[in-house]
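Line by line, the protein sequences are chains A, B, C and D. Numbering of the first sequence is given in the working numbering, commencing with residue 10 and proceeding in unit increments. Numbering of the second sequence is given in the working numbering, commencing with residue 10 and proceeding in unit increments. Numbering of the third sequence is given in the working numbering, commencing with residue 10 and proceeding in unit increments. Numbering of the fourth sequence is given in the working numbering, commencing with residue 10 and proceeding in unit increments.
By construction, these hints were calculated from the structure, which means they are not laboratory data. Please note that the accuracy of each hint is not assured.
Dumping the calculated BS3-like pairs for lysine-lysine here, alpha-carbon to alpha-carbon at most 25 Å [to be verified]:
id	chain 1	residue 1	chain 2	residue 2
1	A	Lys-129	A	Lys-165
2	C	Lys-130	C	Lys-165
3	B	Lys-12	B	Lys-130
4	C	Lys-12	D	Lys-129
5	B	Lys-12	A	Lys-12
6	C	Lys-129	C	Lys-165
Not everything, but these chain C residues come out facing chain A in the computed CB check (under 8 Å) [what the hints assert, rightly or not]:
id	residue
7	Lys-12
8	Ala-80
9	Gly-93
10	Met-94
11	Gly-95
For each residue, glycine too, the CB sits at the ideal point set by N, CA and C.
There are 4 protein chains.
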Amino acid sequence: MRKIIVGVMGAGESASAIDRQLAFELGRAIAAQGWVLLTGGRNVGVMDAACRGAQQAGGLTIGILPDRTAANASAAVAIAICTGMGNARNAINVLSSDAVIACGMGAGTASEVAIALKEKKPVLLLGATDRSIEFFQQLGAVETADSIEQAIDWAKIICG
Amino acid sequence: MRKIIVGVMGAGESASAIDRQLAFELGRAIAAQGWVLLTGGRNVGVMDAACRGAQQAGGLTIGILPDRTAANASAAVAIAICTGMGNARNAINVLSSDAVIACGMGAGTASEVAIALKEKKPVLLLGATDRSIEFFQQLGAVETADSIEQAIDWAKIICG
Amino acid sequence: MRKIIVGVMGAGESASAIDRQLAFELGRAIAAQGWVLLTGGRNVGVMDAACRGAQQAGGLTIGILPDRTAANASAAVAIAICTGMGNARNAINVLSSDAVIACGMGAGTASEVAIALKEKKPVLLLGATDRSIEFFQQLGAVETADSIEQAIDWAKIICG
Amino acid sequence: MRKIIVGVMGAGESASAIDRQLAFELGRAIAAQGWVLLTGGRNVGVMDAACRGAQQAGGLTIGILPDRTAANASAAVAIAICTGMGNARNAINVLSSDAVIACGMGAGTASEVAIALKEKKPVLLLGATDRSIEFFQQLGAVETADSIEQAIDWAKIICG
């Protein structure tokens with residue numbers, strides 16, 4: 010009965026239009042698999058775009074918010090988990106996901122990829138630069154993908 | 010699109026058979042309203058019983074676990090949020106619930122009721138002893154109920 | 010080389026003048042034993058008074074702050090630990106203390122006493138009402154004292 | 010009266026002998042400035058080495074531990090803060106430090122540097138590879154140093 014949760018991490022205010030488009034499509038693809046989408050839940054950037062994509066495809070979305078309330082949550086978050094603990098909630102994002110996909114890169118995203126490596130949680134970099142890939146591969150077993158299809162294929166192996 | 014979340018808090022290993030029966034029925038009643046049930050998620054006591062009740066009634070269940078993994082989660086938790094932060098997660102239980110119902114009492118439950126009062130979150134004591142009611146009423150605005158019907162009526166007012 | 014830490018918990022804005030006076034003297038007495046004082050660190054109520062007492066007696070003071078910064082810390086906190094996690098930091102207050110003394114009562118204090126019981130951490134209620142004592146004694150092994158001398162004698166047994 | 014806190018982050022079990030030697034000397038230099046040293050507190054790697062260096066120089070050491078108890082703390086930690094929240098405590102390490110110095114690199118360290126950038130906390134990479142420097146400089150304003158003397162000079166500007 011336990012639902013499979015795929016976490017999508019990415020930049021907030023600083024996310025590029027390309028990152029957001031990728032995140033929207035990734036959210037759609039995750040929902041199409043019947044998986045629950047988990048993000049940091051804020052109403053900006055990759056978090057918001059991925060949730061909107063999943064919602065459009067009829068999927069369930071969870072936002073693990075840094076704030077005490079859901080006032081700044083994405084409108085496409087169905088289940089708002091209010092942690093009130095700022096960036097310390099990044100560890101929860103990682104631990105609660107069966108697989109973690111970083112869509113683009115930002116400081117918060119980097120902390121989540123790093124914690125995933127520390128926790129031996131399966132993690133994939135989607136659309137990352139060579140610099141980011143090389144940095145993380147020296148720290149642990151990080152996977153990479155250039156397309157949503159590749160990312161979903163990887164997650165299928167992990168999530169059964 | 011945001012789902013309404015009602016948190017049910019209660020004792021774990023030390024929960025009485027009466028507490029567990031009440032929690033099971035409460036979980037059923039919450040699900041029957043179309044609300045999401047949130048608990049501490051472990052596979053014991055009030056947490057487990059409430060989740061089983063909600064699940065039986067076709068409801069969605071969230072467990073905010075103290076552990077890094079879902080290994081000890083209730084089998085009736087559909088969405089396992091793994092915090093890895095022990096009792097510090099009690100604050101998340103409270104903040105993420107639109108309304109909090111304490112079903113019976115235990116040390117962890119008491120911490121959650123107290124945090125709810127601190128955070129001005131609507132909180133109700135179901136089936137509490139006079140001693141517990143008097144203690145918490147000196148600390149803030151806590152409601153009480155003797156029956157599941159009363160508890161649901163209270164939650165309806167809060168959750169619209 | 011490990012320093013002994015005694016935690017003093019109590020109300021913030023709502024602390025009575027008597028609570029604050031008691032906390033000040035308790036802080037002094039803890040420092041006089043050579044113990045480090047730990048509080049929730051804010052510049053109000055029992056937290057502030059206990060830190061000022063300990064500081065006046067030449068002791069070391071730690072504040073485990075709910076905020077991201079020390080802007081609202083007591084001026085008598087020497088070491089400010091900024092958690093940025095609100096009331097979730099109450100669990101850290103308890104876990105980091107060799108012994109916990111609740112000085113008066115408030116909603117936050119109640120959450121800390123409850124977590125101490127849950128974590129099997131030695132905890133004493135100083136100057137508590139019968140109602141508070143009876144409530145917590147049904148939840149676990151809580152000690153009580155009517156005077157600072159009694160509280161220090163109890164802590165001496167625990168802290169060697 | 011508030012003490013200045015300098016955080017030193019670095020690898021645990023995987024730290025190299027060079028990292029540990031650098032951390033030991035860095036701990037000594039921080040203590041020599043009269044600053045408090047803060048680390049992740051475990052009895053391995055950079056955390057342990059930095060604390061031993063600071064302790065040898067007569068400085069005060071704080072360990073922000075991931076565990077519920079201090080059982081696995083470095084023997085050179087004077088003040089053990091037990092968070093019981095695993096890697097979520099990395100955010101506390103950053104927020105509680107006036108300046109953060111990463112000594113070498115590891116997955117946990119990377120998460121702390123990333124959070125420092127996210128929180129706009131002054132952060133310096135000591136002895137980092139070009140790959141690490143380039144990665145973090147694309148995410149925010151990170152400083153670098155090749156020697157302890159340079160690192161201390163940087164911290165002096167921040168810490169007054």
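> Which of the numbered hints above does this structure break?
Replying inline: 4, 7, 8
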